[in-house]
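> Listed below are the residues making up each chain.
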Amino acid sequence: MIRVSVDPAPIELAVEVAALEERGAGGVATFTGLVRGDDGVTALELEHYPGMTEQALIALAETATERWSLLGVTMVHRIGVMVQGDRIVFVGTAAHHRREALEACAFLIDRLKTDAPFWKREQRGEDARWVDARHTDAEAAGRWG
Amino acid sequence: MDLLYFAWVRERVGTGHEQRDPPATVLSIADLIAWLATLSPGHAEAMREPERLRAAIDQKFVPLDAPLGNAREVALFPPVTGG
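Chains A and B, in that order, are what the protein sequence lines are.
Residue numbers for the first sequence follow the working numbering, so the first one is 1 and each next one is one higher.
Residue numbers for the second sequence follow the working numbering, so the first one is 1001 and each next one is one higher.
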């Protein structure tokens, strides 16, 4: 089971985790990305490439299911304007064994950072700035080969 | 050809979507970027540093030296920063 969603609505953690738990797995691994409150950031805006984004997330989820034995993969990314503490992204994997769930979850969030067309803009009061890609994100994605 | 722009590329060009028919001499993404830069001051500003741009042809990431082929939709944007 692959579930991919790109949506301006808040991410409902309990709903997403419950759906993964229903897959009959021995373990569910999840990652939640939140809007940080450092550097005076007052809001974060997420832009994406409609159509390509969903395809890119599905392709990533399919790659993960080929590489690890998974019973479920969920990738939910929020778009639009968010504030500190809001959930930006949720990745969850269900597998018979914890190692597969944990590794696949780490793979998916690392690769999402470089393989899915999203762009962040930070708002600091009246000032807005597009976030530059980080070299460390490319390194993290690259370690999976 | 449908051209899509995202993030600061979109802001500099002044639109997120336009239709253009590049001349036959435009064979690659890099050629397209150079040609687009001649169209308006906004395009020129957006295309000023090609090394800061990334591209997708028909919704697949491609390198800047990729041939355009029979591309229907080409997108130009900064490196992605999701998650």
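Do not rely on the hints blindly, as some may be mistaken.
Computed from the model, here is a short list of chain B residues facing chain A with C-beta under 8 Å [said to hold, decoys possible]:
#1 1008
#2 1035
#3 1056
#4 1059
#5 1063
#6 1067
#7 1075
#8 1077
#9 1078
#10 1079
#11 1080
#12 1081
#13 1083
A few chain B positions that, by computed beta-carbon distances, are all more than 12 Å from chain A [what the hints assert, rightly or not]:
#14 1019
#15 1020
#16 1022
#17 1058
#18 1064
No lab work stands behind these hints: they were computed from the structure.
Remember, predicted model here, so these are calculated numbers, not experimental data.
Beta carbons: idealized from backbone N, C-alpha and C, even for Gly.
> Which constraints among the numbered hints does this structure fail? Numbers only, ascending.
The structure breaks hints 2, 5, 6, 17; every other hint is satisfied.
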